[in-house]
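Participant: Just so you know, the protein sequences line up as chains A and B, in that order. Using the numbering used here, the first residue of the first sequence is number 1, and each one after it goes up by one. Using the numbering used here, the first residue of the second sequence is number 1, and each one after it goes up by one.
What the hints contain is simulated information worked out from the structure, not anything from laboratory work. Among the clues, some could well be false.
In silico lysine-lysine, BS3-like type, Cα no more than 30 angstroms apart, as pairs [as the list claims (entries may be wrong)]:
1. A:K160 / B:K478
2. B:K303 / B:K379
3. B:K478 / A:K203
4. B:K557 / A:K239
5. A:K140 / A:K125
6. A:K257 / A:K140
7. A:K197 / B:K145
8. B:K145 / A:K238
Quick list of simulated restraints, FRET-style, between CB atoms [what the hints assert, rightly or not]:
9. B:T423 / A:D258: 37 to 43 angstroms
10. A:D33 / B:A273: 56 to 62 angstroms
11. B:W142 / A:K144: 21 to 27 angstroms
12. A:P157 / B:D53: 32 to 38 angstroms
These figures come from a predicted structure and were not determined experimentally. C-beta atoms are modelled at their ideal positions from N, C-alpha and C, and glycine is treated no differently.
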Amino acid sequence: MKSVKLSLKMTTQVLCGAVMAVTLQTGAASSADEVNLYSARQPFLMAPLIKEFTAKSGIKVNMVYLKKGMLERLKAEGANSPADLILTTDIGNLNNHLNADVLQATKSSILEANIPDQYRHPEGKWYGLTTRARIIFAHKTRVKTGEVTSYEDLAAPHMKGRVCTRSGKNVYNVSLLASIIEAKGEAAAEAWAKGLKANLARKPQGNDRAQVKAVFNGECDVSLGNTYYMGLMETNTKKPEQKDWAASVNVIFPNQKDRGTHTNISGAAVTKSAKNKANAIKFIEFLTSNKAQKIYAEDNFEYPVKAGVALHPVVRNWGTFKADDLHLSNVAKQRTLATKIMDRVRYDN
Amino acid sequence: MTAAQATGNRVIGAMKVSLSWLNGWTIGTVFISMLALMPIAAVIFLSFTPTDDIWSHLTETVLPLYVSTTLMLMVGVGFGTLIIGVGTAWLVSMFRFPGKRIFEWALILPMAMPAYVIAYLYTDVLEYAGPVQGLLRDLFGWTTKRDYWFPEIRSLGGAISMMTLVLYPYVYLLSRAAFMEQSICVVDASRALGRGPYQSFFLVSFPLARPAIIIGVSLVLMETLNDFGTVDFFAVSTFTLGIYDVWLNMNNIAGAAQLATVLLIFVMVLVFAERYARRKKRYYHTTTTYKALPKYLLEGKMKAVAFVACALPIIFGFLFPAGILVGYSFIHYETAMNAEFLGNALNSFILSSVAAVLAVAIGVFMAYGVRLRNERLLKIMARLASLGYAVPGSVLAVGVMVTLGAIDNGIDGFMLDSFGISTGLLFSGTIAAVTFGYLVRFLALSFGSVEASLEKVTPHMDGASRSLGHGAFSTLRKVHLPLIRGSILTASMLVFVDCMKELPLTVILRPFNFNTLATFVHQYASDEQLGEASLAALSIVGFGILPVIVLSLAITKSRPGSRLGEQV
């Protein structure tokens, strides 16, 4: 009997103490010197940028990192949402927010000057901050020069059993397929997906980095991946074996003779509910400044959207390339169809 | 009597019935069930919003595969955890063999390992590029993949193995608690009637423990159904993976909600089918004669078999993966070991403790409320309220957000209209929202284990206590709680450890600048950089273990009559 009483009492104490401790610790307010951010980009990536921004402007950045559910959270919170801006990757995500009407139009001469037309929404409802290209990693000796120069080559018969990719449902592969639908039509895109599936050396698995590891280990000869993964491997001092993986492959920018390499963006947008709209715009402006663009480029090996910002030497080393100039908004519209095609060709199974 | 009088009497009769509903336990149980049901209802509501038809596409393409893969996964994990969980629980509660005292608590340890973490670690070791296959290639001179066969870890079989390794403790815990709550008299009677220990197990102990074992396995199956991390990493096309695909790649939350609703209906059918199968059977402990279970001393070969059977799940489910994590954290310790680390750990610990205490208190309240009023509707409501466990975490989080958003904006609108004051968002994006999410999700754990345990207390106990003048609460406190203490501890431990590992609800519902160990791990693990997060992952396991060990010792002591037995 005694023990039960004791535990009841203890329970109450723990509860009261805990609730106080936790509420004191957090509590996001909206005051003049703050801006509230929902970010799909990882905290460790954003930390140096946020630190620099706060030091320069005196504006505190409150952040929640969430990938899935960001849009649903904004919708559920409605006009009372505390979020002032969002950061996310891939045009598909930006477009979904745009269509759900949770973003607002903004105007900033700084942003218009810093970001090329094709990387921002015409009414300023979203802004691209960095770009990344979806490229081919080809083994240095097992793949002959000229053997693979385009996405189409990956689906050609001579590559049978030699290709590794991550899941066909991954956002980057869906966007790539969407760009092919936009460029060549549904039937051609489905034929391509079918051909690529037929050429796979193994069931799709892992992330882009894991594919290069598989090439290094001889499971396959070529793989698909985003450019920054190459930079992350080439400079990985914690796991030096990744430098060997990177050293075993050549970087190939596909389709240089025709439409160019599929390039996607990461971007920011001001929410419709923003209470600190001016601060939110300031933050996006900061993210397109020379200094921030350089941090982005150096920390995650992405391409700055702003012209004239120096590339990381590792990135520069891969050479220049022609990017696919399809408008990204149009590519985004094909994403649902692309997902269905991946189902139809049973890409992952 | 006139017709009017008759009607009047009937009305009064009906009023009496409806008034008798108005006692605290019943109202409380109904209220809590409704509250817990709201996020689930929100998901179902979402599925009715107009949207593109996904069904014709899915049925023509991947739906049959989703269904068959999911069923195979459930069967595999179900049987795996049943055999390991019940087998080890039976061994440690009925027999004496070397290491038994350590196995008793160590068998719970794998529960602290998040399934996606163990999946990641085993992939590193067992994939083509990993050390095991590398060694085999060196030893036998194989050069390419085509030279030999090796099981593919990223497969359905791999997923079944990984989930079985970390989920069997649910079955172990619940069946051990059930074995320990069994009166020795039934085992004695069985032995006196000439049955050996093995026959007694299958004829007496196992059937008596059936409600608890079923709860354990159904918890495992619900965890299996809602898993995203492991099946995503292994690219095993389950129904849940399909839900996320429709939601995120086809940008169709309504379609995803439709799939989630189908999943819910499937779970409901399973739950009620099991209930129906044992509708007439009741499993009461008929006597109160408890003494320490006499442990049969195992000899020779059987001793070794028992030892190995208990050691293997601990080695593969805990020691080996934890060892790899320790190795990684030496390399990456400074990534995690910063000023935020302790704060994150504290957040995890406090949040999980609060949720565990609340979940168990609510679980006891509801289970007792259901017991007091043996009413069908009430039972069904309570059971529906524990369905949150079967919904994929991120989908449930959306349900919670929709619910809280509607409440917050409703209050705000009302206050604005009536008093011109905007209250903004009161619950959305707060710690309270995260805690509410945890409760909705883990009510099944606390309610399930408490209910299973209460079911075995014979109603004669209630009758005796009540006739001696004790009220409902006093009876609960003085009779039931001491009898089911072991299950209460088990329930709080289950909820605590699950909250420590919980990811999607925490990530999606949390306030600004709020991190737990799990969300810290997530930012790296989401890009397969578990090395960087290994110290935090290890801390989840570490913080999870402490209460596991403490509570496990308490559970051993909690067996009714255990102290009596020691004196004998």
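Participant: Now, for every hint given, state plainly whether the structure supports it.
Facilitator: Results for each hint:
no. : hint                                : in the structure
1   : A:K160 / B:K478                     : 73 angstroms, violated
2   : B:K303 / B:K379                     : 44 angstroms, violated
3   : B:K478 / A:K203                     : 59 angstroms, violated
4   : B:K557 / A:K239                     : 47 angstroms, violated
5   : A:K140 / A:K125                     : 43 angstroms, violated
6   : A:K257 / A:K140                     : 21 angstroms, holds
7   : A:K197 / B:K145                     : 19 angstroms, holds
8   : B:K145 / A:K238                     : 28 angstroms, holds
9   : B:T423 / A:D258: 37 to 43 angstroms : 58 angstroms, violated
10  : A:D33 / B:A273: 56 to 62 angstroms  : 59 angstroms, holds
11  : B:W142 / A:K144: 21 to 27 angstroms : 26 angstroms, holds
12  : A:P157 / B:D53: 32 to 38 angstroms  : 36 angstroms, holds
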